[in-house]
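Chains as they are written, first to last, in our numbering: chain E, 1 to 256; chain V, 1 to 256; chain H, 1 to 307; chain B, 1 to 307.
Simulated from the structure, these hints should not be mistaken for laboratory data. Hints are not guaranteed to be accurate.
Below are the DSSO-like pairs computed for lysine-lysine, each with C-alpha atoms no more than 27 Å apart in a straight line [unchecked claim]: (1) Lys206/H / Lys256/V; (2) Lys291/B / Lys291/H; (3) Lys291/H / Lys43/H; (4) Lys256/E / Lys206/B; (5) Lys206/B / Lys43/H; (6) Lys291/B / Lys18/E; (7) Lys207/B / Lys256/E; (8) Lys291/H / Lys18/V; (9) Lys207/H / Lys291/B; (10) Lys291/B / Lys206/H; (11) Lys206/H / Lys43/B; (12) Lys291/H / Lys206/B; (13) Lys291/B / Lys43/B; (14) Lys207/H / Lys256/V.
The primary structure of each chain is shown beneath.
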Amino acid sequence: MKLSAPGHYVLTFDAGQKMASAVKPGQFLGVAMDTGGMQFLRRPFSFYSADPETGHASILFSVYGATTAQMARLAPGETLDILGPLGGRAFTPDTRPGAHQVMVGGGYGVPPLAFLARRLLTADPDSSVTLINGARTAEFLVGTEGLETLGIHLREATNDGSRGTQGLVTLILQEILEARAEHVPIHIYTCGPTPMMRAVAEMAMRYEVPCQVSMEVFMPCGVGICMGCAVERTDQTFARGCTDGPVFEAREVAWK
Amino acid sequence: MKLSAPGHYVLTFDAGQKMASAVKPGQFLGVAMDTGGMQFLRRPFSFYSADPETGHASILFSVYGATTAQMARLAPGETLDILGPLGGRAFTPDTRPGAHQVMVGGGYGVPPLAFLARRLLTADPDSSVTLINGARTAEFLVGTEGLETLGIHLREATNDGSRGTQGLVTLILQEILEARAEHVPIHIYTCGPTPMMRAVAEMAMRYEVPCQVSMEVFMPCGVGICMGCAVERTDQTFARGCTDGPVFEAREVAWK
Amino acid sequence: MEITTVPELSVRIGSLTLRTPVTTGSGTFGFGSEVAEFVDLNKIGAVTVKATSREARAGNPPLRMVETPAGVLNAIGLQNGGIENYLAEKAPFLRRYSVPIIVNVPGENPEDFAYVVRRLTDSGAADAIELNISCPNVSHGLDFATDPRLTAEVVATCRRATHLPLIAKLSPNVADIRPIAKAAEEAGADGLSLINTVIGTSIDAKKRRFRLANITGGLSGPAIKPIALLHVYRAAQAVEIPIIGMGGIMTATDAVEFLLAGASAVAVGTASFVNPAVAIEISEGIAAYLKENGFATVGALVGAIEP
Amino acid sequence: MEITTVPELSVRIGSLTLRTPVTTGSGTFGFGSEVAEFVDLNKIGAVTVKATSREARAGNPPLRMVETPAGVLNAIGLQNGGIENYLAEKAPFLRRYSVPIIVNVPGENPEDFAYVVRRLTDSGAADAIELNISCPNVSHGLDFATDPRLTAEVVATCRRATHLPLIAKLSPNVADIRPIAKAAEEAGADGLSLINTVIGTSIDAKKRRFRLANITGGLSGPAIKPIALLHVYRAAQAVEIPIIGMGGIMTATDAVEFLLAGASAVAVGTASFVNPAVAIEISEGIAAYLKENGFATVGALVGAIEP
Ligand SMILES: Cc1cc2nc3c(=O)[nH]c(=O)nc-3n(C[C@H](O)[C@H](O)[C@H](O)COP(=O)(O)OP(=O)(O)OC[C@H]3O[C@@H](n4cnc5c(N)ncnc54)[C@H](O)[C@@H]3O)c2cc1C
Ligand SMILES: Cc1cc2nc3c(=O)[nH]c(=O)nc-3n(C[C@H](O)[C@H](O)[C@H](O)COP(=O)(O)OP(=O)(O)OC[C@H]3O[C@@H](n4cnc5c(N)ncnc54)[C@H](O)[C@@H]3O)c2cc1C
Ligand SMILES: Cc1cc2nc3c(=O)[nH]c(=O)nc-3n(C[C@H](O)[C@H](O)[C@H](O)COP(=O)(O)O)c2cc1C
Ligand SMILES: Cc1cc2nc3c(=O)[nH]c(=O)nc-3n(C[C@H](O)[C@H](O)[C@H](O)COP(=O)(O)O)c2cc1C
Ligand code: FES
Ligand code: FES
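Just chain E, same shape as in the assembly (with noise of 0.2 Å):
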């Protein structure tokens, strides 16, 4: 485990090499900890990463509650009790020539963009890939870090001013739209609080840009049996979270 910032968690884990090799970022897995009980289901945390060649995979995470509070004890070596890899639908990479991979992101939403930011550079190191990152003020701009090196170009927002540009991750991604080459597609893929994602799914449906949306609601089972985690669809029917998702199309997606 890794403080990544304050109170802010790296856990890296054994996830076998089979689960290393399956995952796509956008999934996640479900973490159980004995915390005595009174609470008792699963909390998903998505893949930051997941290296098939050592069989390791990682979260990242904030204390919230009673189970990140556990995981944030939890010493090295000792066991994880996880089910997943779990996401019926991840993010799909835009294969057009020469796209621009814009990543919309905040808070826990950050760690399944950066995943998805670094294994499309380890796919082909010429993509264009931009992540912008937004936060209410600079310590909780995290999940972002060896980006930048690895050529990810990163653009930060913070409510406050103290890093990035003040304000709202939209106000970059309106830039990069309103600049945009007729001759360059791009495609937008977010996660992040749902006013977030909203103000983002809506930005590109205006500009008729696709954007895929990971819809982080809460998931009791994860597994697609319990139907908890409805997700409204412009056609009125509901949507899984879990195995429909998490990720969907912004267009359709009911936002309300």
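On the provided structure of chain E, position chains V, H and B with the ligands as indicated by the hints.
Relative to chain E, chains V, H and B with the ligands alone:
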């Protein structure tokens, strides 16, 4: 914290001089540990020692369930959420001159008896005190550390004969009662598993020797407000184990 | 939104005024005297004392209580010394304090209830009376509050016996609490207390025995909070009289949830076993919530939830 | 006392034989296909699938589920594709396995139930039918199982529509489950499932809103185990037909408690969310318990408790 035997811990804490002076052997305190909440009632633990001068007090415990498991993990300097001293009726030492004070304990019944024994010797170094400690096997014979150097006569019994007499504590008690001299009053104090206390109580009644029993029944509140700790009296009324006890005369209790 | 004045915490139930909206659950705070050394009784909204019946009751044999996941199952069986013992031995101690006393009264038939109600009224040893028509741990104890007609009969009979505020304590062991709440109101209750415990049992798989000597017990504590909140919300939709909400309240946040659901005051039961002073801490926590959220009175919070 | 033979785990409900006494709670195991990669479906006593109604149902809007102390509150609202979708899309997958299928059927009126029952019978896509007359999350869903007369009406109508084993799923939201259990038995049910979830709600004090869009939800998980055990015990005293006990079962010990209370089989619901293979682990745990305690059959354990 000190490991007194495999799985047995002595937890010493700062009770404050007020509490440490007030507490009497047989009294206890309620410990609340944050076990995540599925289990939330306090657990009672008898005082094992209390030093009015330093204000330090201690309890001796083994790991049974969630509360004791958490207690075993306490690090020096952490705060302990306790309520006490509790217990409306503690052991009342027999003040008849030259009385032979015989304590019969088993398991977590030993700490309060060890405390009583030490207090008796401190008050009068010439006291005649015997402590009979019983357990299934040698490694569970705990709580009597340092008593012999104070002049307490320690007798041990194990079911498997791995230490002391092979058999039950009542074997040793009977031997003492049989060998008693007319002019030496005997007083029995007992605490431990109910079947053991019942056997001791019945033997005491048979030999017409006064006997105090500490009834360690399940105590949801410990302060007299829940009525959940009922101890049936011979007159068929129910006493509260916590505030009417935990110490009763053997004759008061309806043994079943 | 922060206001600088101290928020008004007092609430009224009939003619009774509580200085804070937090009382104690009957049977979970004894008669106050047991914990007077740990708790300043005058800082509690009211002390609701243990059930006091016409005759003394021995209660059920042990085991009487067992801990369950996030809950407690009890089968005390209304152990108490009877009304004369209450008047002679218990009331005088509490009367040394200025805290209002609510006496919880069980009974086997309407006349039983009314007898105790009259004695309490004549003696001045209660400021309000809570009719325990919903105790699951004695035979026939819970029948009244599962039937609107029986509920009305007990309340009406007691109404004729006293001018003191009458609070009917209802059972969660019903399909719909609304008709019962309504029946109690129409029969003259000044307020409702809910919920009493939920019926349940516990089995020891190793010994193949029921854990409670009485087999059946009543479940309380955090486990039942979702159940209690719904009953309070439904009852509040059905009646005009104030409700004392209870069931699993451990913190001020829990208490606020009950106020939002429509309770005018709350009671803490099982939580007092862990911390006898919790009623006071919860009062303080409610005051802090009111300040932080710009409410001038606790009354403004009652039922202030979007459906 | 240890016996060396392998204990007999099979149990019968009407003409249906389950190889192990553990099934899944409807609505907590999807249609089996979702978790077939984690679980060997053939090792489960029976798969009880999600409610399947006459017409498709969209279900309730989010938020549909919330965690509570030792429990889960859900208001899914019976989202399902309807009976024709079940027959075309869901049943074929499960039929590739030898595990018996119990289909859970909700309805708005007796004819609704009977329609689905007939389709299931004619198509051969169910080995037994569980009548969900007790769902708290749709309007009128729970009314049937709170009234012996309505319970009997639904069961009798469906009895005329099928020769398949009929299991009536009862509600805990009643004062006394015995008359309802009896009514279901007399109307021709081959077995009873209990309990369905306990009604409740959850409030967000910070936002001053109900957490569930539907306001009301059904409580499941360890919190309700004491409630479920008592209903099972009482129902078992009242009827001769087998009972599938459920409510908060997380471990084999919990399951044994239900068998001791009088259930012939058990279902695991919420526990599958944490561990989709828990039904199998519990079967194994029951077998171990039987061996350790010298029982040759699971049937010998049913109701084997001293009162
Ligand atoms: C698909 C998916 C992927 C995810 N990936 C990640 C990830 O990579 N990293 C990560 O850190 N998280 C991630 N999350 C979020 C994470 O699963 C949740 O935050 C989880 O609930 C934390 O569990 P916990 O027991 O620590 O906190 P919980 O007790 O579950 O609390 C979690 C949330 O509950 C609320 N809450 C708790 N207590 C209070 C209170 N007193 N007052 C008000 N609100 C309160 C807060 O909103 C808090 O954030 C993901 C979620 C999903 C659905
Ligand atoms: C007045 C009094 C004084 C006491 N003094 C002491 C003392 O000085 N030292 C001490 O160590 N203890 C003492 N005890 C006992 C102690 O309070 C209890 O053992 C307490 O319950 C331990 O809490 P826990 O949460 O660790 O275990 P719990 O979870 O409460 O478990 C405690 C007991 O429950 C039973 N149990 C738990 N799990 C299982 C299971 N899976 N199967 C079967 N049975 C199970 C066992 O009997 C176990 O011993 C005292 C008790 C009383 C009433
Ligand atoms: C040990 C115990 C004893 C109780 N005795 C009574 C009683 O005598 N009269 C009564 O009306 N309610 C009694 N109750 C119910 C409580 O007053 C309260 O309604 C219930 O416990 C729910 O609140 P809680 O979850 O905060 O404990 C008792 C509850 C417990 C736990
Ligand atoms: C998310 C969820 C969905 C459920 N859906 C149904 C359903 O469709 N039909 C039904 O009869 N019961 C349904 N139930 C109730 C369960 O089958 C079971 O009766 C109840 O949850 C108690 O068992 P448990 O505590 O083991 O979960 C559902 C329960 C949950 C938690
Ligand atoms: S989390 Fe259970 S179905 Fe999606
Ligand atoms: S433990 Fe509550 S009255 Fe004794």
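*Any of the earlier hints contradicted here, and which numbers?*
2, 6, 8
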